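Asks: Protein chains in written order, with this note's numbering: chain A, 1 to 382; chain B, 383 to 764.
It should be emphasised that the hints constitute simulated quantities derived from the structure, not laboratory data.
Hints are not guaranteed to be accurate.
To be verified - Label pairs and their calculated CB-CB ranges:
no., chain 1, residue 1, chain 2, residue 2, range
1, A, Q229, B, A427, 35 to 45 Å
2, A, K233, B, E597, 35 to 45 Å
3, A, Q257, B, K712, 30 to 40 Å
4, A, E96, B, K615, 17 to 27 Å
All of these numbers come straight from a predicted model, not from anything done at the bench.
By construction, the Cβ of each residue, glycine as well, lies at the ideal position given by its N, Cα and C atoms.
There are 2 protein chains.
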Amino acid sequence: MFAGDKLLRVPGPTPVPDRVARAAARPMLWHRSPEFVELFRRVEAGLKRLFETESDVLMIAGSGTAAMESAVANLLSPGEEAVVLNGGKFGERWLELVQAFGARPCEVKYPYGQGADPEALDAALSRHPGAKVVFATHNESSTAVLNDIEALAKVARAHGALIVVDAVSSLGGAPLPMDAWGIDVVVTGSQKCLMLPPGLSFVGVGPRAWEKAAESKGHRYYFDWKQYQRAAKNAESPYTSAVSLMFALDESLAMLQEEGAEARFDRHRLMRDMVRAGLKELGFTLFVEERWASPTLTAACGGGVDPEELRKAVRQKTGVTFAGGQGELKGRIFRIGHMGAATPLDMVTTLAAIEIGLAELGVDVTFGKGVGRALEVWKSWR
Amino acid sequence: MFAGDKLLRVPGPTPVPDRVARAAARPMLWHRSPEFVELFRRVEAGLKRLFETESDVLMIAGSGTAAMESAVANLLSPGEEAVVLNGGKFGERWLELVQAFGARPCEVKYPYGQGADPEALDAALSRHPGAKVVFATHNESSTAVLNDIEALAKVARAHGALIVVDAVSSLGGAPLPMDAWGIDVVVTGSQKCLMLPPGLSFVGVGPRAWEKAAESKGHRYYFDWKQYQRAAKNAESPYTSAVSLMFALDESLAMLQEEGAEARFDRHRLMRDMVRAGLKELGFTLFVEERWASPTLTAACGGGVDPEELRKAVRQKTGVTFAGGQGELKGRIFRIGHMGAATPLDMVTTLAAIEIGLAELGVDVTFGKGVGRALEVWKSWR
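In isolation and in its complexed conformation, chain A is listed as follows:
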C-alpha cells in the first residue's frame, strides 16, 4: 500500500519534519570554524532550555544507549553498588550497563505496565546505604509507562543519592524540569520528541553528578564527560561532531520553541487521551492505567485479535506502522507512538487504520466508532 511518508507510528524513530530534514542537508561545516561556533552556542542554549537546567548539557554522537552508558561509566567505579529501578526493557538496559561496567546493581523491580513505587525505592536505599546512585526510567517505552520522577528524585535526595533519568522517549513530550525536580542526570536521544533522525544523544549533568564523576574510576574515553565539558568551553566537541544532525537540531529546537513547552506537553496529552479513548471504544484493553499512561506512546491488547496479526493487517492495508511488544511482552501487546511531530489529526488516521485492520481480521467493527470517540475528546479538550 502506498503510505506517503507520515505513517510511522512507532515509539521512535519518529517522522522527521520537512524543515528539519532540509536543515540536515545544509552544506557541511568544519567543526573547528567560526560558523560552527555560532551553531554550537545556539543549540547549547536551546538544549539548556529544553532540559530546564542551568548546568551542562553534553552532546554525544551515538544512540540514546550511548548517553545512558556515559552516565554509568562516569558515575560508577567497579565494585560499587547502585540502585536500578526496573519495570521493562529500558530498566533492564540500566541493569545490564551497570553489570557491564563491573558495578553491582541492587535491582528494584516493578511490574510491567505499572510505575515504580517511591516507597520501594526508599526501602532499597535504606537496605543499601552504600548505593549512591539511582538509575531510573522516565518513560518506559516497552510498557508505555510514565514514571513519577519528581517523587522518586525526592526519595533519592533524602538518602543523599544521585538520580539518573533515562528520558530518551519523553524529553520534550512530557515535563521533566531537571533543576526544579533536583534530577542529577537526564539522558535523551534525537529520534523521539526532538523529531530528528537517530544518531545524536544528550546528557544533562548537574553539579552533584560532576562531583561524583570526578572521583569515579569507571573506564571511559569516548564517553568521558570531562572532555565534553572542556571542549564546550571553545564551542567544540572532543571528537568530530555529528554536524548534519546538529543542523537538524538547530531547526527542531526552533520549532519546539515556537510551539512552546506548555502547548507541546498539552498536545502530547491530548494525543494520548484521543488514542486511549478510541482504543477503548473499539474494545481494546489499555495496558497501563491512567495514572501512569505515557503521553508519548500507548500500549494495548485484547480487542478480540492477535496484536501481531493486527499490526500486519494495518500495515498491509494502510501503510501505518505500529510496534509490537518487546521481551516478555512480545506478541502480547502492540504499541502506538504519538510523539514528536505527530498531531491530533495523525491520531485520527491512526485509529482509522486500526478500524480497517480489525475489519480485515474479520471483526465486526462499526467504522468511525473509535475515530468518533477520539474526536469527542479533541472537541472537549480544555
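Got chain A; can you put chain B on it based on the hints?
Replies: Relative to the frame of chain A, chain B by itself:
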C-alpha cells in the same frame, strides 16, 4: 567572502555531494521494518566490498573515535600489554584509549612527518612477547603521513600478534585490502573518503580478532562487537541505527562503486601530486617526503609566511578553508584535505586560493604559477 559550499578543504568533515545529502533527507524508516532490512543488507554488502573482507563490518553510531574505542574495549583486558605505534595525534589517541581501559601500552614512537618503521615494531614485539595486539594508524591526519600497513601487518603476524588499523581518514581513498594484507581490525568514519556527514563509524573485524574478543575482559556495552554481530544476523543494530546516515551511506557506496576502487585511488594520488607540485612551485616546504605522502591530505610549511596567517588570509579573501597543525605542530604547518568528493579541478581552486592568500600577505607571487604546475601534473598523468 561568499564561498558557495564546495570550499571545505580540511581533512574532514569533507563536502557531502548533493546526491548523498538528498538521500539522507529521505523519509524516516523504522529500524525494525522490512524496508530497513533491505537497506541494511545492501550497505552491509557494500561495506564488505569497501573493506575488501569476507568477515564482518559493523556499523556503530558515533564518530571515528567511537570505532577506535570499540577495538580497545573488545580486544584488551585490564592490565594487558599492547603495542601502540605513535607518530602523531591519532597514534596518541590509541595510546590514551589503551590507558583509559586500564591496559598497558608499549609505545613505539616514530617522528612526526615520517612513517612507522617495521623494524622498530619487530623489535618492540620481541621485547614485549606478552603484547598480542598492535595499534597502528594508516593515515596519520595530523602529519599527512600514509603508513605502510602491509609491511607492519606482516611483522605483527610473524609475532602472532593482531594488528588494528585506524583508517579513518584513508579508507576509500587509499588501498587497504583487509583480508589480502592480513589486517585483523580496520576502523573508519563516515565523514572522510565516504563523503558522508559525521556520525557513523565502521569496524571490520577479522576471525582472529573475534577469537581474541571472546576472551577479553574489557568493559563494554554500547561498543560490544558481539551484540552488533548478533543483531546483524537479523539485519538490525543492537541500538537504534543512525538511519538517515545509512540512507546517505547507501548512496555514497553506490557512487564509490560507480567510480571503481582503482580509479578512485588514482584520483586521490593525482590530487596529492597536483597539490604537492603546486605548493613546491610556490616555495612551500612539504612536511612529508614522497614515500610517505598521503593521498588524502597534504601538510606544508615555509613559503615565507606564517601558516596561521595564510589560512586566515585565504579564508577571508576566497572562502576556502584549510586546517592548521594540531598538538605540537600547532602554528607550524597547514593542512589541505583532498579526499572524498574532491576532484582535480578542486585542486586548481585550492592552489589559486593559496596564490591569492600569499599576495594578500605581501608575497611577490606570479599568479598562475602554482596552478600551472598542477595542471602540468594533471596533463601528464598516466
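Asks: Now, for every hint given, state plainly whether the structure supports it.
Replies: Each hint tested on the structure:
no.	hint	verdict
1	A:Q229 with B:A427: 35 to 45 Å	41 Å, holds
2	A:K233 with B:E597: 35 to 45 Å	41 Å, holds
3	A:Q257 with B:K712: 30 to 40 Å	38 Å, holds
4	A:E96 with B:K615: 17 to 27 Å	20 Å, holds
Hint violations for this structure: none, all hints satisfied.
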